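K.L.:
For reference, the chains in residue letters:
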Amino acid sequence: MTTGAAGFSRRAMLRATAAGVAAAGVAGAGGFGIGRASAPIAGDEQYAFLGEHQSGIVTAQQDHMHFASFDLTTDSRDRLVALLRRWSQAAATLMTGSEIGSGAVGGPGLLPPDDTGDALGLPAAGLTITFGFGPGMFTKDGKDRFGLAAMRPGQLQDLPHFSGDALDPAFTGGDLCIQACAHDPQVAVHAIRNLARLAIGDASVKWAQLGFGRTSSTTRAQKTPRNLMGFKDGTNNLHAEDSALVTKWLWADASDGEEWMSSGTYLVTRKIRIHAEVWDRTSLSEQEASVGRSKGSGGPLSGGNETTPIDFHANAADGSPLVAADSHVRIAHPSRHDGAMMLRRGYNFTDGTDSLGKLDAGLFFIAFVRDPRTQYVPIQEEMSRADAMTVDYLKTVGSGLFAVPPGIPHGSRLGDSGAFVGQQLFA
Amino acid sequence: MNSHHGRVASRALMPAALSVLAAIALSACTANSTDDSTTIAVSITDDACTLSTTSAPAGHAVFAVTNSGTKVAEFYVYASDGTKIVAEVENVGPGLTRDLVVTLDAGSYVTSCDPGMDGGDIRADFVATADGQAAAPSGERTEALNQASAQFLGFVQGEVDTLAVKTQSFADAFAAGDHDAARSLYADARIHWERIEPVAESFGDLDPSLDLREADLGLQEPWMGWHRAEKTLWPPVEGYAISEADRTAVANRLVADTLELQRRVSDPAFVIEPFQIGNGAKELLDELATSKITGEEEIWSGTDLWDMQANVDGAFAAYESLRPIVETTDPVLVTELDARFAEVNALLATHGSIAEGFAYYSEVSEADIVDLSRAVESLSEPLARLTAAAVL
Chain A
436 MTTGAAGFSR RAMLRATAAG VAAAGVAGAG GFGIGRASAP IAGDEQYAFL GEHQSGIVTA
496 QQDHMHFASF DLTTDSRDRL VALLRRWSQA AATLMTGSEI GSGAVGGPGL LPPDDTGDAL
556 GLPAAGLTIT FGFGPGMFTK DGKDRFGLAA MRPGQLQDLP HFSGDALDPA FTGGDLCIQA
616 CAHDPQVAVH AIRNLARLAI GDASVKWAQL GFGRTSSTTR AQKTPRNLMG FKDGTNNLHA
676 EDSALVTKWL WADASDGEEW MSSGTYLVTR KIRIHAEVWD RTSLSEQEAS VGRSKGSGGP
736 LSGGNETTPI DFHANAADGS PLVAADSHVR IAHPSRHDGA MMLRRGYNFT DGTDSLGKLD
796 AGLFFIAFVR DPRTQYVPIQ EEMSRADAMT VDYLKTVGSG LFAVPPGIPH GSRLGDSGAF
856 VGQQLFA
Chain B
620 MNSHHGRVAS RALMPAALSV LAAIALSACT ANSTDDSTTI AVSITDDACT LSTTSAPAGH
680 AVFAVTNSGT KVAEFYVYAS DGTKIVAEVE NVGPGLTRDL VVTLDAGSYV TSCDPGMDGG
740 DIRADFVATA DGQAAAPSGE RTEALNQASA QFLGFVQGEV DTLAVKTQSF ADAFAAGDHD
800 AARSLYADAR IHWERIEPVA ESFGDLDPSL DLREADLGLQ EPWMGWHRAE KTLWPPVEGY
860 AISEADRTAV ANRLVADTLE LQRRVSDPAF VIEPFQIGNG AKELLDELAT SKITGEEEIW
920 SGTDLWDMQA NVDGAFAAYE SLRPIVETTD PVLVTELDAR FAEVNALLAT HGSIAEGFAY
980 YSEVSEADIV DLSRAVESLS EPLARLTAAA VL
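Going down the list, the protein sequences come from chains A and B.
Sequential numbering of the first sequence, starting at 436, is according to our numbering.
Sequential numbering of the second sequence, starting at 620, is according to our numbering.
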């Protein structure tokens, strides 16, 4: 089987068959098929896979995500490296909007197609693919399966138990992870599905999460979206343009301890379920007090608009603080944590309803930080204990921590003996 | 795999899959097939079935099945008797084209379109003419493939012979109402069925009669076969019983169907094509992955591990017959398959053996089932490349 850089563009194929689409009468698909045939299309970006940093971190946050966490089922270092090579080559191909290998329909009829074909006709849709390495890649059950234990960064420590955590093993941990983000959910799902298939025999999906609707903006140009609590989320996020802050709070440096992680970062995932019905019957003033912001404008309760700095000293006529002592914005604010910032990149999720008929939905929280020990753990610890919104209305059911290695440098050659994500770790 | 199993599952999936199918349809007109094959366009509407030609040269043929109707359709190629399935493609959604690749020997066939997949099919005769290109690439390969076919046929015949003997013993005990004896014979007899099921399935009629699960029943079908006996022997509630007339009918039919299977596979005219060997191996593991690993196949008896071992045995026998060819065409695949078969067998061995008996499925922990499932996936993925490695 050839796994080719020879992948051909799904988009080009679509143009060639646009007439066929109409003839096939994909009526219900309307804008899905035909709308995309006519370039240029808003949101049809292609991002580069190669670069100093991996994509999908400071990239302007896309609206859809499929995240998968994997158990490594092999104990072989060679097979692990071969997997990372396959994944790197496939990710680069997928991010161009092409089919992997010999494609979905181009191969011999007697063989299963290399590409599953569910993204045929769809553009690249701003797809980014981000790989992370979990603690289990370094040691698992006390075993150093791949001879990497000595390379485990101090930053990649198992997260402590936070007050109120109700972690389900089915949404927690993992030896490897892939975050696929795109403007089109089908493109993101296609990417994870094909990457998971390429891993069969070496790694198996442990858990996965679909996310819709970004809950942060990662660039100043993007509007602040709302989360499922109805509040603007991520107002005070680290943005791509804040280069000094990004350097300080996001990218790992050789001086942080592990040379191989230089230009990488760390990824925290938290699957946070919202007690939606309880929240929905909470008075507006109580909702706003627990968050510390106005639900409509997103401005702090101390006054001003969304971007106005919060005045924690402003008091009401009765002397009580306008931004309550147990409000989310006060507890999580950088000023309380030595200025610590994180790049949040989370998504809304819903997994339908639970067995009681309640909405099974919430926030799939994602944060990228240079050091989880100082930029995540102390903040979460205080939120879990003292933040009214978190304590009363949220329940964390899943958790993960991954080291995100640097990108593969521009000019590298991918393929069977070529460059791959995390190669610095195996040097 | 029992085609009824697949059909039920696929139907349930259809609504969710529609958008995916629509996307596939976009590419249909650019699909290309191997150069030395003949492409026959099949057009299915809700009440018609049109083939672009009713004859083609023997060799590789591609039926490009286009569904222009409103119902999900399927297309079959039967042998001239109209019963034995040569090849099939199911779940062709409206607007979709799917390719069915077949190797046709010279002779006559029956094609069948089934809009709605409800059995109301439209049939026509089809002829593969002898003046076509030879299907086989070289004399040496042809000989090796013939040898593989003969070896695998020998395996199948041996298993069916044993199955016939053990089925008789089981049916005798069941008919006599000796449930203890019947329970002790049940899983051990079925091993020989589960090892060769894709072959039995290729006859079309015997598999539903012998191996239909209760969940697969249609509205009109009388329920016969192994699983009817299974539910009687491992009743879900106290008092669940079978009438004496049904008891006798089930026992007699088991024996009669199995003897018929034995007669057909020992017919000198019966051959197993090389591509059927590899595809059969894949089907065995597909069945393991979909209905055995979930505990659905033996829902009353819990003897799924026997079936799993037998499926793996059958797939391995198929692989072994093709292995000498694949050693020359794709040695890396041989190394991978050897290791993956060993891995699955080692995991199964932690739960027992055919000689000593296995654990009942309810006794297997969820973690062990995950391990088994992952090992089966790790074997199935490379095994899906076996046919092409041997035949192309």
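Please note that the accuracy of each hint is not assured.
[Claimed, not checked] Calculated Cβ distances over 12 Å to all of chain B for the following chain A residues:
no., residue
1, Thr-508
2, Thr-509
3, Gly-542
4, Pro-543
5, Pro-547
6, Asp-593
7, Ala-638
8, Ser-639
9, Lys-641
10, Glu-721
11, Gln-722
[Stated by the list, open to error] Restraint-style ranges between C-beta atoms, simulated for each label pair:
no., chain 1, residue 1, chain 2, residue 2, range
12, A, Asp-510, B, Thr-672, 39 to 47 Å
13, B, Glu-982, A, Val-516, 18 to 26 Å
14, A, Ala-517, B, Glu-879, 26 to 34 Å
15, A, Arg-808, B, Gly-971, 44 to 52 Å
16, B, Glu-982, A, Ala-605, 16 to 24 Å
17, A, Gly-787, B, Glu-833, 26 to 34 Å
18, A, Lys-683, B, Ser-981, 54 to 62 Å
19, B, Gly-971, A, Pro-543, 55 to 63 Å
20, B, Ala-961, A, Ala-517, 17 to 25 Å
FYI, nobody ran anything at the bench for these hints, they're computed from the structure.
Quick caveat: nothing in here was measured; it's all calculated off a predicted structure.
Built from N, CA and C at the ideal position, the CB exists for glycine as well.
K.L.:
If a hint holds in the structure, say so; if it doesn't, say that too.
P.N.:
Quick rundown of the hints versus the structure:
1. Thr-508: violated, 6 Å
2. Thr-509: With a cut-off of 12 Å, Thr-509 of chain A comes too close to chain B, as the shortest Cβ separation is near 9 Å.
3. Gly-542: violated, 9 Å
4. Pro-543: Violated: least Cβ distance 6 Å, not greater than 12 Å.
5. Pro-547: Violated, because the least Cβ-Cβ distance between Pro-547 of chain A and chain B comes to about 5 Å, which does not exceed 12 Å.
6. Asp-593: Non-interface label on Asp-593 of chain A holds, nearest chain B Cβ at 21 Å vs cutoff 12 Å.
7. Ala-638: The assertion about Ala-638 of chain A is violated, with a minimum of 10 Å to chain B.
8. Ser-639: violated, 5 Å
9. Lys-641: violated, 10 Å
10. Glu-721: holds, 40 Å
11. Gln-722: holds, 36 Å
12. A:Asp-510 x B:Thr-672: 39 to 47 Å: Because 55 Å falls outside the window, the suggested range is violated.
13. B:Glu-982 x A:Val-516: 18 to 26 Å: violated, 39 Å
14. A:Ala-517 x B:Glu-879: 26 to 34 Å: violated, 49 Å
15. A:Arg-808 x B:Gly-971: 44 to 52 Å: At 48 Å between Cβs, range holds.
16. B:Glu-982 x A:Ala-605: 16 to 24 Å: holds, 22 Å
17. A:Gly-787 x B:Glu-833: 26 to 34 Å: Once the Cβ atoms are compared, 29 Å apart, the range 26 to 34 Å for Glu-833 of chain B and Gly-787 of chain A holds.
18. A:Lys-683 x B:Ser-981: 54 to 62 Å: holds, 57 Å
19. B:Gly-971 x A:Pro-543: 55 to 63 Å: Distance hint for Gly-971 of chain B, Pro-543 of chain A is violated at roughly 40 Å.
20. B:Ala-961 x A:Ala-517: 17 to 25 Å: holds, 20 Å
Against the hints set out earlier in the document, violations occur for numbers 1, 2, 3, 4, 5, 7, 8, 9, 12, 13, 14 and 19.
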